[in-house]
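K.L.:
The residues making up each chain are set out below.
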Amino acid sequence: MTARLTWSDAATLIQRLGSVIGLALLFIALSIMSPDFLSAGNLLTVLRQVSINALIAFGMTFVILAGGIDLSVGAILALSGAIGAGLMAAGYSMWLAVAAALGLGALLGVVNGVLVSWGRVAPFIATLGTMTLIRGLTLVYTDGRPISVTNNAFALLGDGYVAHLIPIPVVLMFVVFAVFAFLLRGTVFGRHVIAIGGNEEASRLSGVRIAPMKLAIYGVSGLASAFAGIVLTSRLHSAQATAGAGYELDAIAAVVLGGTSLSGGRGWLFGTLIGALLIGFLNNGLNLLGVSSFYQLVVKGIVILIAVLLDRR
Amino acid sequence: MRKLALIVAASLLAACSQQGPGESSTASSSTAGGAPASGTPTIGLALSTQDNPFFVELKDGAQKAAKDANVSLVVVDAQNDPARQISSVEDLIQKRVSVILLNPTDSSALAGAVQSANRANIPVITLDRAVDGADVASHIASDNIAGGKMAADFLASKLNGKGNIIELQGVAGTSAARDRGKGFDDQIAKTPGLKIVAQQPANFDRAQGMSVSENLLQANSNVQAVFAQNDEMALGAVRALDGAKRGNVLIVGFDGTPAGKDAVQSGSMAATVAQQPGDIGRLGVETAKKLIDKQPVEKTIAVPLKLLTKDAP
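Line by line, the protein sequences give chains A and B.
Heads up: take any position in the first sequence, counting from 1, add 214, and you land on the numbering used here.
Heads up: take any position in the second sequence, counting from 1, add 862, and you land on the numbering used here.
Check the hints yourself; a few may be wrong.
As the list claims (entries may be wrong) - Calculated lysine-lysine pairs in the BS3-like style (CA-CA distance at most 30 Å, straight line):
hint: 1; chain 1: B; residue 1: Lys1052; chain 2: B; residue 2: Lys1123
hint: 2; chain 1: B; residue 1: Lys1172; chain 2: B; residue 2: Lys1057
hint: 3; chain 1: B; residue 1: Lys1123; chain 2: B; residue 2: Lys1044
hint: 4; chain 1: A; residue 1: Lys514; chain 2: B; residue 2: Lys926
hint: 5; chain 1: B; residue 1: Lys1044; chain 2: B; residue 2: Lys1057
hint: 6; chain 1: B; residue 1: Lys921; chain 2: A; residue 2: Lys514
hint: 7; chain 1: A; residue 1: Lys514; chain 2: B; residue 2: Lys1152
hint: 8; chain 1: B; residue 1: Lys1123; chain 2: B; residue 2: Lys1152
hint: 9; chain 1: B; residue 1: Lys1152; chain 2: B; residue 2: Lys929
To be verified - Cβ pair distances, simulated, as ranges:
hint: 10; chain 1: B; residue 1: Lys1020; chain 2: A; residue 2: Asn366; range: 48 to 56 Å
hint: 11; chain 1: B; residue 1: Val1033; chain 2: A; residue 2: Tyr306; range: 25 to 33 Å
hint: 12; chain 1: A; residue 1: Val522; chain 2: B; residue 2: Asp1155; range: 48 to 56 Å
hint: 13; chain 1: A; residue 1: Leu353; chain 2: B; residue 2: Ser1128; range: 30 to 38 Å
hint: 14; chain 1: B; residue 1: Val1059; chain 2: A; residue 2: Gly350; range: 35 to 43 Å
hint: 15; chain 1: B; residue 1: Asp930; chain 2: A; residue 2: Leu257; range: 35 to 43 Å
hint: 16; chain 1: B; residue 1: Asp1155; chain 2: A; residue 2: Ala392; range: 49 to 57 Å
hint: 17; chain 1: B; residue 1: Asp930; chain 2: A; residue 2: Leu503; range: 55 to 63 Å
hint: 18; chain 1: A; residue 1: Gly515; chain 2: B; residue 2: Ala1034; range: 41 to 49 Å
To be verified - To give an idea of the chain B side of the interface with chain A (calculated C-beta under 10 Å), a few residues:
hint: 19; residue: Leu954
hint: 20; residue: Ala971
hint: 21; residue: Leu972
hint: 22; residue: Gly974
Worth flagging that the hints you see were computed from the coordinates, not collected in a lab.
Since this is a predicted model, take the numbers as computed values, not measurements.
Every residue, glycine too, gets a C-beta built ideally from N, C-alpha and C.
Looking at chain A on its own, in the form it has when it is part of the complex (with noise of 0.2 Å):
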């Protein structure tokens, strides 16, 4: 922190805020407007929903601190998803399945990497196509059907409770959060993937290694969307071969109502948990005041373009 506040710490700070304080007002206003809003079991409902966005979001966040940005995170829950139920089904044990799951991840996202750093592809371009074929292969991994699992201690991890109150998914979000808000702030790594937003050739000249960061990028990013996936596959009991559609476009829409700019290098992971829980609180709030889902999609998209427009600076 410098001593004195310039211009765009200022500029920072009040799109910072924007997104706590559109919160804060969402709040108060469902609070008011529907009787069901307010009580433990309903915000702690509503944080288990919003769980699955949040890690795929969190990911999100390095790729567009860094960016880019990455389209392939839905099709790459389905694909991990549907190979740790696959492989619980062929009795390979949890643990196996959800590293097997984790580890898919990771390389889909690395793949990613490799095409956006030495493929020089622009990541919506390299992302879309992934997207595409990774959608394919799960589709003929499926065969198009759900796979089952009956698991009963893999079906914890997307419906159980700690201590009989705090639903396991909205733990490990706090975990993941945790572990990343270190990495962005507390490491070299999470300051050169700002540094590569900020301006990719000067972090270059600076010494940065600029394809190796990318592939960990998108290599976070594919890890946090297998997560994802492993959490919704075990909360449906099974996979889902078309699982996790247009859930790329929610998780950009969180880190973007979060206040980290879509060019890059401004930006903040707490700001993408305020981001996915509005989305949350939204979603939730107008599905109590028994609002049709036509609109719901309206007031989204509302939500999202005011936010777009506050990023423009």
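Take the given structure of chain A and dock chain B to it, following the hints.
P.N.:
For chain B alone, kept in the frame of chain A given last:
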């Protein structure tokens, strides 16, 4: 420090369970039916999608019945995503609706959500599709056996009790294919002059309906009628018979989709056995009302079908 972390982790693990807050088996059941304390009772309707006219009609039927019965109806829509449907069912539980009408996106993924509702003392009625592995108060769906019988009776009268028939079957193992086939086959067997000369699966698909019909027509030149277990396959058979210049063969489909009804009107199909989604929605609300009034309900309710022909649309 590491020891402390281990202890914390171990106690967290030990505290993991499948039971959440307020879900313990000793929880008070004084709010039986989960009904809110005052006002008109609220029924929740969780739809799989509104992209398909079938489900929109189902919703319209439910809304009309809710108005007539003076109950309020909250509709949530999963947009065909099982994870979204679980979330919206949770929202309905938090809203403490009296009964949940569930039109599942998928038979395997929703079991957990139904169990959660049951733990919160909210009965669930499934519409159109069933849920595996969870208790529901009632299941309401079309009477497919009776529908198959209707198709057989129609052909028997049109062919004056004499003729050879080809049957196009749906996806093997689905309840729709099984019941429609059983109703049709059993009824045909009662008319000695009628004979099913060939039956093969075309998986509810129009393209497969065409190619399977082509093959069967090659093998069986003396055919007077085709019964397809859904309209899509029937429309495939229409193409095959057009190609073979066999305009005099009667084709009967199933479902009463808009395309099927059009084909009946234009005369390319002789009839379709139409489902009545509006009635499914209406019966859903009426059955839910009975549950609220503490009246007994049937475990399964079969909704009648309607034979549509050019003369009786």
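K.L.:
Each of the hints needs a verdict: does it hold here or not?
P.N.:
Status of the hints after comparison with the structure:
1. With a CA separation close to 28 Å, the supplied pair lysine 1052(B) and lysine 1123(B) stays within the 30 Å bound.
2. Using a Cα cut-off of 30 Å, the hinted pair lysine 1172(B) and lysine 1057(B) holds, with the two alpha carbons roughly 25 Å apart.
3. With a C-alpha separation of about 24 Å, the suggested pair lysine 1123(B) and lysine 1044(B) falls inside the 30 Å cut-off, and the hint holds.
4. In summary, the hint linking lysine 514(A) to lysine 926(B) is supported, as the alpha carbons are separated by about 28 Å, within the 30 Å threshold.
5. Restraint check: the Cα-Cα separation between lysine 1044(B) and lysine 1057(B) comes to about 15 Å, which is no more than 30 Å; the hinted pair holds.
6. In summary, the hint linking lysine 921(B) to lysine 514(A) is supported, as the alpha carbons are separated by about 23 Å, within the 30 Å threshold.
7. Restraint check for lysine 514(A) and lysine 1152(B): not satisfied, since their Cα atoms lie roughly 37 Å apart, outside the 30 Å limit.
8. At most 30 Å may separate the alpha-carbon atoms for a hinted pair to count; lysine 1123(B) and lysine 1152(B) exceed this at roughly 34 Å.
9. Between lysine 1152(B) and lysine 929(B) the CA atoms are separated by roughly 15 Å; this keeps the pair inside 30 Å, and the hint holds.
10. Here the CB-CB span from lysine 1020(B) to asparagine 366(A) is close to 55 Å, well matched to the stated 48 to 56 Å.
11. Taking the beta carbon of each, valine 1033(B) and tyrosine 306(A) are about 29 Å apart, inside 25 to 33 Å as hinted.
12. Taking the beta carbon of each, valine 522(A) and aspartate 1155(B) are about 50 Å apart, inside 48 to 56 Å as hinted.
13. At roughly 35 Å, the beta-carbon separation of leucine 353(A) and serine 1128(B) lies within the given 30 to 38 Å, and the hint holds.
14. The given range of 35 to 43 Å is respected by valine 1059(B) and glycine 350(A), whose C-beta atoms sit roughly 39 Å from each other.
15. Distance hint for aspartate 930(B) and leucine 257(A): a CB-CB separation of about 36 Å, consistent with the stated range 35 to 43 Å.
16. The hinted range of 49 to 57 Å is satisfied by aspartate 1155(B) and alanine 392(A), whose Cβ atoms lie roughly 51 Å apart.
17. A beta carbon spacing of about 24 Å between aspartate 930(B) and leucine 503(A) contradicts the range 55 to 63 Å that was offered as a hint.
18. Taking 41 to 49 Å as the suggested C-beta distance range, the pair glycine 515(A) and alanine 1034(B) conforms, at roughly 42 Å.
19. The interface hint given for leucine 954(B) is met, as the beta carbon of that residue sits about 7 Å from the closest beta carbon of chain A, less than 10 Å.
20. Interface hint status for alanine 971(B): upheld, as the beta-carbon distance to the closest one in chain A is roughly 4 Å, under 10 Å.
21. Below 10 Å, beta-carbon pairs count as interface contacts, and leucine 972(B) has one with chain A at about 8 Å; its hint therefore holds.
22. The interface hint given for glycine 974(B) holds, since its Cβ lies 6 Å from the closest Cβ of chain A, which is under the 10 Å cut-off.
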